[in-house]
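Chemist: Assemble the complex: chain H is given as a structure, and chain S must be docked to it using the hints.
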Amino acid sequence: MTDTAAVLLDGIEKRYGQTRAVDGAGLALFPGRVHAVVGENGAGKSTLLKIAGGVIAPDRGRVLVLDRELRPATPREAIRRGVAMVHQHFMLVPTLTGLENLALGEEPTRLGMLHLSPLAADVERLARSLRLEVPLDVPVARLSIGERQRLELLRALRHAPKVLILDEPTAVLAPAEARAVLGLARDLATRGVAVALVTHHLDEVAEFADEVTVLRRGKVVAHHPPGDPAIGDVGRLACEAVGEEPPVVARHARRGVAREPHVRHERVRLRVDDLHVDPGEAGAGSPLRGVSIELAQGEVVGVAGVEGNGQHALELALSGVLPSRRGTIALDGADVTRVTIADRRRRGLAWIPSDRHAHGIADELPARDVLLLGAFDEAARRGVVDDAELDRSFAGAVKALDLRPDAPELAAGSFSGGNQQKLVIARELRASREGRAALVLAAHPTRGVDVRAAATIRRSLVDAARDGAAVLVISSDLDELRDICDRIVVLRGGAVVATLPPDTPVSVIGEAMLG
Amino acid sequence: MNAPRAARTRAILLAALLSAIAFELAVLAWGESPGSILAQLFAGTWGTRFGAGQVLFKATSIALAGAAAQIALRAGLFQIGAEGAIAVSALAVGAIGARLPASVSPIVAWPLLALVAASVGALWTLPIGVLRARFGAHEVISGIMTNKIAGALVGYLLARGLAERASVHTAPLPPGATLVRLGPFPGSAANVAIFVAIAVVVAWAWIARRTVFGREVSAIGASDTVSLATGIAVGRRQIEILALSGAVAGLCALNDVMGYKGYAEEGLSSGVGFTGLAAALLAGRSSVGLLATALFFATLSQGGLSINARIPMEIVDVVVALVILFVAVAPRIDEKLGEEDRA
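Just so you know, the sequences run in chain order H and S. Each residue of the first sequence is one higher than the one before, starting from 31 at the first, in this note's numbering. Each residue of the second sequence is one higher than the one before, starting from 18 at the first, in this note's numbering.
If we strip away everything but chain H, and leave its shape as in the complex, we get:
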């Protein structure tokens, strides 16, 4: 360990329109330490670290990499100086193989022809030594989320970086995969790498971080150097991030959100019978081989499984993006197997998608439009949209979900990842609040969302069931499923292998997932 910071950010400011994403924050990353950066959605964590990685140029402030200013402030220069970054959203070309993705930007040639085999040997050696095995000869579109994450890590670690920035690396991963990634971060730190870790999981901080910086509204509100007992104190960190003495803070304190028995009617709202789905090239992971599920009005059913066991195909088939090869899907008794997404929505489908960028929000649209996408006529008279009505819906979402910033006309793409998710949630749960939803299909609804918002989202899902919808939750967070579901079905190899009550211990669910 040395006294020089590998990366030093000082007095950083970055504005988007009227919003200060980062407002005079600083950060020092030292070799040999895992430095966790925590805070609520929109606190400026991602922006600050993207500035460290040269992805965003700050409006004001200094970025020093090993005591020298980062100039020009570009990702290329940052990488050249030894700063590698793994982004919250995958930066992979889906039609290229893993190896081809890794070769982008360096493209080794022999006699002027692309020559990848030496690179392949190199990468395989690195992958083995880091235990990051990924199939390298398959198009990325066919890899599971976990495999894509490992590929991103491999790319970041290809040139032995001095600094590794991980922006919510575990948000999309199943628990076992998440622990492997964090363990790797720990190992790298012991070998002298400076690691920055953005996360919402405060228990990960307690277990894997040496040092913690807490951000709130673009400012550093707390800094805990190595050895500070606060690092292990999940409750205290949560208070600092939220800026109050909240009643519900710790991750486990959300237990019992609403597990009172739901009013149960016998009306079947979703019936899936012997569903077979081929994922194709749509990036849907593995196929579905004969799934049958039935959901009654008022029921919350969880789908658990190791990533890549058919969850994604189930989501895309139920929403109507992917065609089904065999079997039927019925909403309120009507066969919708061959029906478009729009028609399913008219019959009461609400869908919180796992892939926000493909199915959830359009970056360049104003946030208030994203909030009523597909339902403009509800805010219109004779075909003319009433923008004041859109603004009122937006204000409602700001209040209900603590959406930030309160800027209805700001492009949705300028919102932080967690706030984009809140936009999607607010849109999709509108219909259920009015009792119009038959099925709420929620895929990873709280992924990348801060503790407080996650609790609100879970409560909203339970409320949707109480208001009469059937709720199907696909999640890799087993605690979440155990908290809000009436039963949990386990998918393995594209089939339902177990149906378990919610109080089943995590270890038992885990066994069913692994077989």
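A hint or two may mislead.
[What the hints assert, rightly or not] Ranges of calculated distance between the beta carbons of each label pair, as one might list FRET restraints: (1) S:155 / H:377: 30 to 38 angstroms; (2) H:421 / S:60: 51 to 59 angstroms; (3) S:124 / H:413: 25 to 33 angstroms; (4) S:37 / H:408: 44 to 52 angstroms; (5) S:55 / H:102: 36 to 44 angstroms; (6) H:253 / S:157: 50 to 58 angstroms; (7) S:165 / H:143: 33 to 41 angstroms; (8) H:143 / S:155: 29 to 37 angstroms; (9) S:60 / H:143: 56 to 64 angstroms; (10) H:414 / S:95: 25 to 33 angstroms.
In case anyone wonders, no lab produced these hints; they're calculated from the structure. Using N, Cα and C, we set each Cβ at its ideal position, and we do this for glycine too.
Modeler: Chain S only, in chain H's frame:
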């Protein structure tokens, strides 16, 4: 919120500066003096009432074709097929207009022929939308193909009987079917179709911003997968938008056939579809911007004729191409300059 608009204005000024430099260099390379060429270009356009009228006449078609392109671009689609729609509509207006009784009143003829122009244009580009929405065929490819078909079809139909005996154009329209010329610009082809063009451009801006249709189309332009996932009828909207775009393109027949020639002939409005696309790309989503770029391109086009004796008018085409190029790169240059300021 005004930062992007300021950046856009800076970028346009920068592009204008670069284009002016390119023009001067091109003229100098031809051994002429840029100052006197510019003076002559101005004199031949805005310097006389006739010249100004010709500019307004040309700007009318460019604005209509530009609106056609702008409409499709809102949904993220490139309307290459406008060129074909313009040609086919012109022929239809010429052929049908010539068969109206000689004593027809404008009150009947004008709306009737406008309806013919718009519906033939819409029908012509409808297949492009259907191919795109139902079969995923790219609208640029279908557009190029339908333009070829339109060109061949117009030539064939003229040769096979729509043209007047011993001529290459349709019989003249009766007086009641021709549009009124604009009085202040004697001798020029400027006519009342210009008000139609302005109305269409302004109306589209309102439809795009304020109506459910316009907002859904904007959403499709921002992301078609997200729009589909949220239940917007993406395919139907794509078909509607390309047909609407074709209808607006078809209205060029009002200007060229009813306002200017009084009959239809092969190649009458040729190239306007593409000039309109360029104007729309420069204007972005702005209606004022579209009218301004239409006037700008019309000025260069008419000005090219007036300086043709001294330098080839193709130099003007080169300058137009450079303008488009500079407008495309200027925002990036502006960004780079901004970054260096901060560093």
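Chemist: Run every hint past the structure and note whether it holds.
Modeler: Hints, one by one, checked against the model:
1. S:155 / H:377: 30 to 38 angstroms: Hint holds: Cβ distance 33 angstroms, inside 30 to 38 angstroms.
2. H:421 / S:60: 51 to 59 angstroms: holds (52 angstroms)
3. S:124 / H:413: 25 to 33 angstroms: The hint (25 to 33 angstroms, Cβ to Cβ) holds, given that residue 124 (chain S) and residue 413 (chain H) are roughly 29 angstroms apart.
4. S:37 / H:408: 44 to 52 angstroms: Given range 44 to 52 angstroms: holds, Cβ gap about 50 angstroms.
5. S:55 / H:102: 36 to 44 angstroms: holds (39 angstroms)
6. H:253 / S:157: 50 to 58 angstroms: Given about 55 angstroms between the Cβ atoms, the range holds.
7. S:165 / H:143: 33 to 41 angstroms: Holds - the Cβ-Cβ distance for residue 165 (chain S) and residue 143 (chain H), about 38 angstroms, lies within 33 to 41 angstroms.
8. H:143 / S:155: 29 to 37 angstroms: With Cβ atoms ~30 angstroms apart, the hint holds.
9. S:60 / H:143: 56 to 64 angstroms: Since the Cβ atoms of residue 60 (chain S) and residue 143 (chain H) sit about 60 angstroms apart, the hinted range of 56 to 64 angstroms holds.
10. H:414 / S:95: 25 to 33 angstroms: At 28 angstroms between Cβs, range holds.
In this structure, every one of the numbered hints holds.
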